[in-house]
Amino acid sequence: MHWNSLAEFLAMGRHGLYVWGSFIVMALLMLAEPILLRHGRKQLIARLRRQYSAEISDSRRIAKRDSDFHGNPGRSRN
Amino acid sequence: MSNRLINWFRYASPQTFYPLAGKLIPWFWTLAAIFGVAGLTVGFLLAPIDEQQGEGYRIIFLHVPAAWMSMFIYLVMAFWAATGLAFNTRLSGMMASALAPTGALFAFLSLWTGALWGKPMWGTWWVWDARLTSELILLFLYIGFIALQAAIDDPRRADKAGAILALVGVVNIPIIYFSVKWWNTLHQGASVSLTRSPSMATMMLWGMLLCTLACWMYSIAIALMRVRMIMLERERHTDWVHALLIDPE
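Heads up: the sequence lines are chains A and B, in that order.
Heads up: the first sequence at position 13 corresponds to 13 in my numbering, and the numbers run straight through without jumps.
Just remember that my numbering sits 1000 ahead of the position in the second sequence, which is counted from 1.
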């Protein structure tokens, strides 16, 4: 172990501001990137699921309309 | 016997690569954490003080890995770009796009930590010196690549345009690397080189190598995470993404 006390470690021999300024920014950005990616992934999956269910209900509606039109000649507008 | 060989092209298809990448991601995160803790312990707790620079030299354990990764990721990105242009494989363009933001992050971090190192050692945050300027150009190349791809709606065309930019920009990498040799710069020369033994204490060298490995594993994990998102987005109209999202597991 190179250090005798925590204060000495934090001071980094008068260069604390520069060393910790580098360390903190690098650590924050390297933590933020995966967190943002996870969040983006959840949003993307939710959006795609919404799109799919909208497409499915659309296609069901169209299928129903078509079957009403063609399948039930009595009720269609002829 | 030929059917016993692994068919590498099989993994060039997003459908097979997606689950494989998903399985690999936790392993790369684990390795990144192990190397990161080890590297920071050696670099910040165990390594001796530097004769000339005092304790401030410890920025090296952040700055050098970030700078190396910013250059290395660019080379990997250009490799995928070239593969995409040559073989027109879907995965290649996705890999290149997945790497760019992380490359930009490391280019920024190398400039940031470099500025914070320059101030106490040289007395200035920034000089328009060959090494610093070419690294700044690298950051702009990454940003240009991302912006160009974002501006083109058709993903295959965006891939092609981005690939050409990435390949033209690759000339900047040897310029960054050799700038300290070719020009008189304020930036110090290489501390580690392939041709001669390193000019630093063993403990310092180990700290730097472990931190670099951590950044390397981090980059792989992040790139795999991002490429999986790009795959879902681009392949959203295919059956496999449909099946994956509509009935998970």
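Don't read these hints as lab results, they were simulated from the structure.
Take these hints with a grain of salt, some might be off.
Now the in silico label distances, taken between C-beta atoms and shown as ranges [what the hints assert, rightly or not]: (1) B:F1178 - A:I24: 50 to 56 Å; (2) A:R14 - B:M1203: 39 to 45 Å; (3) A:L28 - B:W1126: 34 to 40 Å; (4) A:I62 - B:I1137: 24 to 30 Å; (5) A:S59 - B:I1137: 47 to 53 Å; (6) B:D1050 - A:K42: 43 to 49 Å; (7) B:W1125 - A:E55: 50 to 56 Å; (8) A:K42 - B:G1189: 42 to 48 Å; (9) A:L28 - B:N1184: 32 to 38 Å.
Far from chain B by the CB rule (all over 10 Å, computed), these chain A residues [what the hints assert, rightly or not]: (10) E33; (11) R41; (12) Q51; (13) S57; (14) S59; (15) A63; (16) D68.
Where chain B lies over chain A, by a calculated footprint (3+ residues, C-beta under 8 Å) [claimed, not checked]: (17) 20 to 31; (18) 42 to 49.
The beta-carbon is built from N, C-alpha and C at its ideal position, and this holds for glycine as well.
Looking only at beta-carbon atoms, does the pair B:F1178, A:I24 fall within the given range of 50 to 56 Å? At 32 Å between Cβs, range violated.
At the C-beta level, are B:D1050 and A:K42 separated by a distance inside 43 to 49 Å? holds, 45 Å
Check whether three or more residues of the region 42 to 49 of chain A sit with their beta carbon closer than 8 Å to a beta carbon of chain B. holds (count 4)
B:W1125 versus A:E55 beta-carbon gap, inside 50 to 56 Å or not: Since B:W1125 and A:E55 have Cβ atoms about 54 Å apart, the given range 50 to 56 Å holds.
Non-interface claim for A:A63, where every Cβ of chain B lies beyond 10 Å: Since the minimum Cβ distance to chain B is about 18 Å, A:A63 lies beyond 10 Å and the statement holds.
Consistency of beta-carbon spacing, B:M1203 to A:R14, with hint 39 to 45 Å: Distance hint for A:R14, B:M1203 is violated at roughly 22 Å.
State, for the Cβ atoms of A:L28 and B:W1126, whether the hinted interval 34 to 40 Å holds or is violated. violated, 22 Å
Would A:E33 pass as off the interface with chain B, using Cβ distances and a cut of 10 Å? violated, 6 Å
Kindly confirm whether 42 to 48 Å is satisfied by the beta carbon distance between A:K42 and B:G1189. Given a distance of about 46 Å, which is inside 42 to 48 Å, the answer is holds.
Holds or violated: 47 to 53 Å for the Cβ distance of A:S59 and B:I1137? 51 Å Cβ-Cβ, so the 47 to 53 Å window holds.
Run the C-beta distances from A:S57 to all of chain B and say if the shortest one exceeds 10 Å. holds, 13 Å
Could you see if the CB distance from A:L28 to B:N1184 stays within 32 to 38 Å? holds, 35 Å
Of the numbered hints given earlier, the model fails hints 1, 2, 3, 4, 10, 11 and 12; all others are met.
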